[in-house]
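**Q** Turn these sequences into a full structure, and let the hints steer you where they fit.
Reminder that position 71 of the sequence shown reads as 71 in the working numbering, one-by-one numbering, no gaps.
Treat the hints with care, as some may be off.
[Stated by the list, open to error] Subject to a maximum C-alpha distance of 30 Å in a straight line, what follows is the list of computed DSSO-like cross-link-like pairs (lysine-lysine):
id : residue 1 : residue 2
1  : 24        : 103
2  : 103       : 11
3  : 24        : 11
Note that these hints are calculated values from the structure, not bench results.
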Amino acid sequence: MPRILVIDDQKDVRAMIAIVLRVKHFEVVEAQSAAAGLRAFEESPFDLAIVDVFLQDACGFDVISRMRDIVPDLPVVAISGMTTTLDAAPQSAELLNVVCLQKPFRPNDLTAAIDEARRRVQQGGERASIARAG
1 MPRILVIDDQ KDVRAMIAIV LRVKHFEVVE AQSAAAGLRA FEESPFDLAI
51 VDVFLQDACG FDVISRMRDI VPDLPVVAIS GMTTTLDAAP QSAELLNVVC
101 LQKPFRPNDL TAAIDEARRR VQQGGERASI ARAG
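**A** This is the structure in structure tokens:
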């Protein structure tokens, strides 16, 4: 069963994501902060991470960069309620192939973003882009 780390400081968002993922047969580990998420990431392996861009204790892009320093080909979905933030995502090597998803999103949008993040890492070389909820 694939393991997904969900880092978001909003409990209701984490809960909604976890429900959708568990229905799709993923094992989910939730973290309420960047520090807790990075600790979980360093303690055990994950197949994918979903990271909020605006965390109370850190920038989500910095968290993604730190995770990618450890596992360069980690599939990642970055989530944010602000489109302009996703549009201005830094274009560093650690953020290549990150799929960005705008809140609020539907369960199908989330699963499509996960599939896209996994595909991009397998194919490699694409720049970060926006996956907008329909």
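**Q** Under the constraints set out in the numbered hints, which ones does this structure not fulfil?
**A** Structure breaks no hint.
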